[in-house]
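Chain order of the listed sequences is A and B. All letters in the first sequence, in the order written, are residues 1 to 147 by this note's numbering. All letters in the second sequence, in the order written, are residues 1 to 98 by this note's numbering.
Worth flagging that the hints you see were computed from the coordinates, not collected in a lab. Because the structure is a prediction, the values reported are computed rather than measured. Ideal placement from N, C-alpha and C gives every residue a C-beta, glycine not left out. Be a bit skeptical, because a hint or two may be false.
As the list claims (entries may be wrong) - A short, non-exhaustive set of chain B residues, derived as facing chain A with CB atoms under 10 Å:
| id | residue |
| --- | --- |
| 1 | Asp6 |
| 2 | Trp38 |
| 3 | Glu55 |
| 4 | Tyr59 |
| 5 | Pro66 |
| 6 | Leu67 |
| 7 | His69 |
| 8 | Trp73 |
| 9 | Ala78 |
| 10 | Ser79 |
| 11 | Ser85 |
| 12 | Arg88 |
| 13 | Phe89 |
| 14 | Ala91 |
Said to hold, decoys possible - Cβ-Cβ distance ranges computed for the label pairs, FRET-style:
| id | chain 1 | residue 1 | chain 2 | residue 2 | range |
| --- | --- | --- | --- | --- | --- |
| 15 | A | Tyr78 | B | Leu67 | 28 to 36 Å |
| 16 | A | Thr64 | B | Ala42 | 28 to 36 Å |
| 17 | A | Ile51 | B | Gly54 | 21 to 29 Å |
| 18 | B | Ala13 | A | Pro29 | 31 to 39 Å |
| 19 | A | Thr64 | B | Ser86 | 16 to 24 Å |
| 20 | B | Leu61 | A | Val40 | 36 to 44 Å |
| 21 | B | Ser22 | A | Ala61 | 23 to 31 Å |
| 22 | B | Glu8 | A | Phe138 | 17 to 25 Å |
| 23 | B | Glu80 | A | Arg115 | 40 to 48 Å |
| 24 | B | Ser85 | A | Glu46 | 36 to 44 Å |
To be verified - A short, non-exhaustive set of chain B residues, derived as facing chain A with CB atoms under 8 Å:
| id | residue |
| --- | --- |
| 25 | Ser3 |
| 26 | Phe5 |
| 27 | Phe10 |
| 28 | Val18 |
| 29 | Glu20 |
| 30 | Ser22 |
| 31 | Asp33 |
| 32 | Glu62 |
| 33 | Leu82 |
| 34 | Ser86 |
| 35 | Leu93 |
| 36 | Leu94 |
| 37 | Trp96 |
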Amino acid sequence: MVHALVEVWRTLAPGGVLLDIRPYLPFGPLELVEGPQARVLGRLDEVEVDIDSAAADEAIAEVTRRGLFGLDRVDSFYSSAYWGSVGDLREYLRDWEDHARMPRSLAGEAGKSLRHAGPKARLRLRTYVVVNRLHRTFPKAKPRGPR
Amino acid sequence: MTSSFDPEGFEPAALAAVPELSGARVLEIGAGDGRLTWQYAARTRSVVGLDPDGEALAYLLEDMPPLLHRQVWPVRAASEFLPFSSERFDAALLAWSL
Numbered sequence: 001m002v003h004a005l006v007e008v009w010r011t012l013a014p015g016g017v018l019l020d021i022r023p024y025l026p027f028g029p030l031e032l033v034e035g036p037q038a039r040v041l042g043r044l045d046e047v048e049v050d051i052d053s054a055a056a057d058e059a060i061a062e063v064t065r066r067g068l069f070g071l072d073r074v075d076s077f078y079s080s081a082y083w084g085s086v087g088d089l090r091e092y093l094r095d096w097e098d099h100a101r102m103p104r105s106l107a108g109e110a111g112k113s114l115r116h117a118g119p120k121a122r123l124r125l126r127t128y129v130v131v132n133r134l135h136r137t138f139p140k141a142k143p144r145g146p147r
Numbered sequence: 001m002t003s004s005f006d007p008e009g010f011e012p013a014a015l016a017a018v019p020e021l022s023g024a025r026v027l028e029i030g031a032g033d034g035r036l037t038w039q040y041a042a043r044t045r046s047v048v049g050l051d052p053d054g055e056a057l058a059y060l061l062e063d064m065p066p067l068l069h070r071q072v073w074p075v076r077a078a079s080e081f082l083p084f085s086s087e088r089f090d091a092a093l094l095a096w097s098l
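Only chain B is shown next, with the shape it has when bound in the complex:
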């Protein structure tokens, strides 16, 4: 029998309460396999899913809904040195990662 996480949908509800994510360029730190990413990515302009775990990012790529293929970009890196220019994102999400 498969496991399920947050089937009550509290996390998506918390993200839905943040209107600034709509149309935003989002940096998600600790994106992992994309469990949280899929809950909000569709309404953003783009999401960079950052994680140091290459295996988890491979799952993210594998599970990515086709509609998000040009919107979500996995990047393997640690959060201490972000490989991005200054002021590039409108929102940042620390997903169970601080």
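Isolated chain A, as found in the complex:
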């Protein structure tokens, strides 16, 4: 990760902006949403510690320590994703299989809830997303790769 950030530093013009947008796990609870109403169905099985986020945070900290980037600000928001079927949600979660899985009991509950709800009902997962905004600075020494 540090090496990738050093490469970004190299390709950015002096003063250039770096935006780091990424999710932080765990996901919020799985909900059934129908109009303005939301009902919690349960939680996914997730890893207790999100190693990837911790490593990314450390990489950002490292390149700021080295003087390659200055951190301007940090923003955050909750991003929502909606699905009309349990199958579509399962498909999405394939990309997260190292971090989160849907227990069979929760899948059953979600399917049953969708069947009994109106045609506009959806399943929703919310994700906490952080936006780090940095700018390229000028280190005193030549940038080096990861230690």
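With chain A fixed as given, assemble chain B onto it according to the hints.
Just chain B now, kept in the frame of chain A:
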């Protein structure tokens, strides 16, 4: 029924709050199928959408709005060795990719 992501528009709002993207030469790392790219590309000078996943980039090409055909350029590569000259971009975007 189709899925939808961020229909509330929080990501576009976060990008809209970055005036430096306007008229900029942008490198988007992890462009994937262009989901994030389409939200800001129109106001840039150009966007290079980088991703190691050729299949995702094929979707990006397929979904590209006609108005962006001369503005967005997909490139298949990994972020550890960027195939670009130094100081080529004004802004870089790590799109769910660090």
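Violations among the numbered hints, reported as their numbers in ascending order:
When the structure is compared with the hints, numbers 2, 3, 4, 5, 6, 7, 8, 18, 22, 30, 31, 32 turn out to be violated.
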